[in-house]
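In terms of the numbering used here, the sequence shown opens at residue 1 and continues consecutively.
Derived from the structure by calculation, the hints contain no laboratory data. Idealized CB from N, CA, C, for every residue including glycine. Please note that the accuracy of each hint is not assured.
[Said to hold, decoys possible] Each computed PhoX-like pair below joins lysine-lysine, with the alpha-carbon atoms no more than 20 Å apart: (1) Lys25 - Lys53; (2) Lys83 - Lys98; (3) Lys32 - Lys83; (4) Lys98 - Lys78; (5) Lys30 - Lys53; (6) Lys75 - Lys98; (7) Lys24 - Lys53.
[Said to hold, decoys possible] Have a look at the derived ranges for each label pair, beta carbon to beta carbon: (8) Lys78 - Asp54: 27 to 37 Å; (9) Ile99 - Glu12: 18 to 28 Å; (10) Glu65 - Ser5: 19 to 29 Å.
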Amino acid sequence: MHEMSLMGGVFEVIEQTISQHNVKKVIQVKLKVGELTNAEPDALQMAFEAYSKDTIAEGAELIIERVGVIARCTKCQKEFSVKSMFFLCPNCENSNIKIICGEELLLESLEVE
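Taking the hints into account, I'd like the entire structure generated from these sequences.
If you want it as structure tokens, here you go:
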């Protein structure tokens, strides 16, 4: 379950962030998770609960915002949503594309006391 290692990275960022401030309790954690991470929301929730146990983040709400895959054609520069695993430009059918979002796992915000 790679969600545990992903959440380990998230908690490193959370710990670094809260160590710089006088935080008593983490209330909410909001993540942006790209479709290409193949991270399942339920597994992320379980990993979050495991990492937050006995910390100031225990009991915090985890909000996961899924981010779709957006690509740009290197030939015609058209940006498009990728709806299937066929990474072809819908404009010129070029297969040489650049993914511009959908691979991220970002800690978007923390709500704290």
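Verification of the supplied hints:
1. The suggested pairing of Lys25 with Lys53 holds, with an alpha-carbon distance near 13 Å, which does not exceed 20 Å.
2. A C-alpha spacing of about 15 Å is found between Lys83 and Lys98, which places the hinted pair at or below 20 Å, so the restraint holds.
3. For a cut-off of 20 Å, the pair hint linking Lys32 to Lys83 stands: about 18 Å separates their Cα positions.
4. Restraint check for Lys98 and Lys78: satisfied, since their Cα atoms lie roughly 11 Å apart, inside the 20 Å limit.
5. For a cut-off of 20 Å, the pair hint linking Lys30 to Lys53 stands: about 18 Å separates their Cα positions.
6. Between Lys75 and Lys98 the CA atoms are separated by roughly 10 Å; this keeps the pair inside 20 Å, and the hint holds.
7. Only pairs whose Cα atoms come within 20 Å are accepted, and Lys24 paired with Lys53 is accepted, the gap being roughly 15 Å.
8. The beta-carbon spacing between Lys78 and Asp54, approximately 50 Å, falls outside the hinted interval of 27 to 37 Å.
9. The hinted window of 18 to 28 Å between Ile99 and Glu12 holds, with their beta carbons roughly 25 Å apart.
10. Our hint of 19 to 29 Å for Glu65 and Ser5 holds, since their Cβ atoms are close to 20 Å apart.
When the structure is compared with the earlier hints, a violation turns up for hint 8 alone.
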